[in-house]
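So you can see what is in the structure, the chains are spelled out below.
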Amino acid sequence: MMLEEIRNRLQADIPGCQVELVVNGSPSAQNSLLIDRQHGLAAARLLREGLQMDFCSNVTAVDWPDREQTNKVKTKQIVDGVEKEIEQTIKTTVPGYLEVVYHLFSMTNKDGPVVIRLRTPNRTEDVAVPSLTPVWRSAEFQEREAFDLYGIVFDGHPDLRRILMWEGFTDHPMRKDYVPPPDDDLEILREG
Amino acid sequence: MDQDLKTELSKHGIFATTFEELYNWGRKNSVWPLTFGLACCAIEMIATTMARYDLARFGAEVFRPSPRQADLMIVSGTVTKKMAPQVVRLYNQMPEPKYVIAMGACAISGGPFRDGYNVLKGIDRYIPVDVHIPGCPPRPEALIHAFMTLQEKISTQHLTGEARARHLKAELPSEFPVPEFGEHGLEPAQNDEIFHNPLKVLQG
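If you read the sequences in order, they're chains R and L.
Residue numbering for the first sequence is 1 to 192, as defined by this note's numbering.
Residue numbering for the second sequence is 1 to 204, as defined by this note's numbering.
Simulated from the structure, these hints should not be mistaken for lab results.
You may find that some hints are simply not true.
[As the list claims (entries may be wrong)] Now the in silico label distances, taken between C-beta atoms and shown as ranges: (1) Q69/R - H184/L: 26 to 34 Å; (2) D177/R - H196/L: 29 to 37 Å; (3) W64/R - H196/L: 25 to 33 Å.
Note that beta-carbon positions come from the ideal geometry of N, C-alpha and C, so glycine has one too.
Excised from the complex, chain L in its bound form (with noise of 0.2 Å):
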């Protein structure tokens, strides 16, 4: 429907949407996120949540204890190998639709232990991420600008069509493997899948 149009209406008091925009509306208004903390971002993500911060005016004020109920996964910390592959399990026990915040330094990249041998480099190397905040930790502004983003990207999702969003494509998959522990690190060190290794990209 044409916006103009919309406007024109909405001063005649009356209101024009569409479905799919009613769906999104709803969608974006009521994420609600994994109770899930791994680090020190985790205090941010609890501060963010209390009065002051109060990311209840986005709809996301209830944290879920079940992945089952879950729509949300905020990485908030230092992802270790040790706890990577529950990560990702638990991102795979999430209904669709689904969606990821790498929270601070070390989610989106190791961090400071990027060159540890105990880090993993980034949670993107095993499930797709939506929004990506850099910080050590982020402020709390920065986790709702995120959170923000997010809703923005709900709302302009298509229900329909060859642009439609991921999770309503039946041909992709909303469950990703979980790595192993191996005799040296991780296996495999990355989903290549969804990971796109620049060094690979770089040889083609």
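Here chain R stands alone, though its shape is the one from the complex (with noise of 0.2 Å):
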């Protein structure tokens, strides 16, 4: 099944539900679906039982982190009576955000992998999407390693608990900001 209608089947079915295929430009040509996170739940739902997508093989996440922006604005401006064009550097901060991968495959119409994504809409505060665990089982240890390692939350997990690092470890390490406890004297020799 394409993409293109799954897309169109879960913007049908679920009223409000935003769904944006996200392209993958390399030779694997392995596109994306991107689902609103309010609706996540409801289309998981929908992709299990409407369109048989009934294996969830992995969840991974992703940490998109703040990136600066640079655009350049031509404005025109009055200088000494003279009309001139003024080219402007604007710098802008688009904010991060926090995704959560999921590939899913159908055992019964032999087909997959169908690739969703669900999106946080930063990686500071809000950082919740829906859980998938009532749909797939199988997302159950996977979500909780996104959480542990991520620090994403996932709403209406059933035991939504770090599952590699220990109780009381406060960081997420495969956060691209993450910085490591100062432990290691050679790094600190070899700077000097």
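Put the complex together from the two separate chains, hints included.
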């Protein structure tokens, strides 16, 4: 089944559901669907019940840090009575976000993978996405892993605890801005 | 006793030895390691004990499943920060005299995972290590070499006097503090009593 068809089906059957086709430009051309998080659970239910996507093989996450964008804007100003075109460089910070990626297969139709993504609004305060564990039980531990290493909160997860690091650990080591504790003496020596 | 005199006596069928020598000879040929594997190095350690490499030739065929009955801890593999307190606790539970072989790149320094967030940068940060073996993983021959090095060390240890072995000095500790899980890593990051941080050595 083509991703476009799935997108159209999701948008038709779930009122208000926004699905965006994310194109992967590499030779693998593994495109994916970005589903808005409010309708994530409903979309997952439809994928499983309506489209027989009965197997969730992989859950992972991606950290997209804040990035700086530079735009060059040309404006016309009147300087000393003469109209001149002045080029201005405007730097804006595009807020980052966290993304959860699910790989779905259909055992019934021998189809897949269908890659879906859920995105958080930012990566500091609002880091929640709906948990898809109620739909695919196999997502349970992998969502816990994403919670542990990326700090994504899965609403509706039955047992959201750290799975790899210990209780009381406060960092999220797979985030791009993670800094390990300064216990590496060799590193300090190398820097002088 | 003079070595030449001993050789001369042995030519006449007289065997002369000291209590220390006899005692150490017995100790070095009955080192019982702890059944304890952490990662891929453990597979090499298991291979070393099997028929092909046959660690039993050196008196170490009995791997004890309890630290109370073991003399030697072979730290075979990656020590994760989550596992490190348990390793130290096992070491503390072993009776004296006890020895440690740090086997492989991970156990001696963190190895390829050194720059990661979850791996201890060498077990010698928390417990005293007698023999380090580099390699990833070291071959069984390397482990046997480490074992023979340890035997050599045991046979030269003194039982009395100022230079007596560590375990015979009452003031030296036989247990070491177990690190605790902190908010960002293990606390403390190393035991300063036994681990000499090169940075601190440089600073004096």
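### Task
Just pull the numbers of the violated hints for me, sorted ascending.
Hint 3 contradicted; others consistent.
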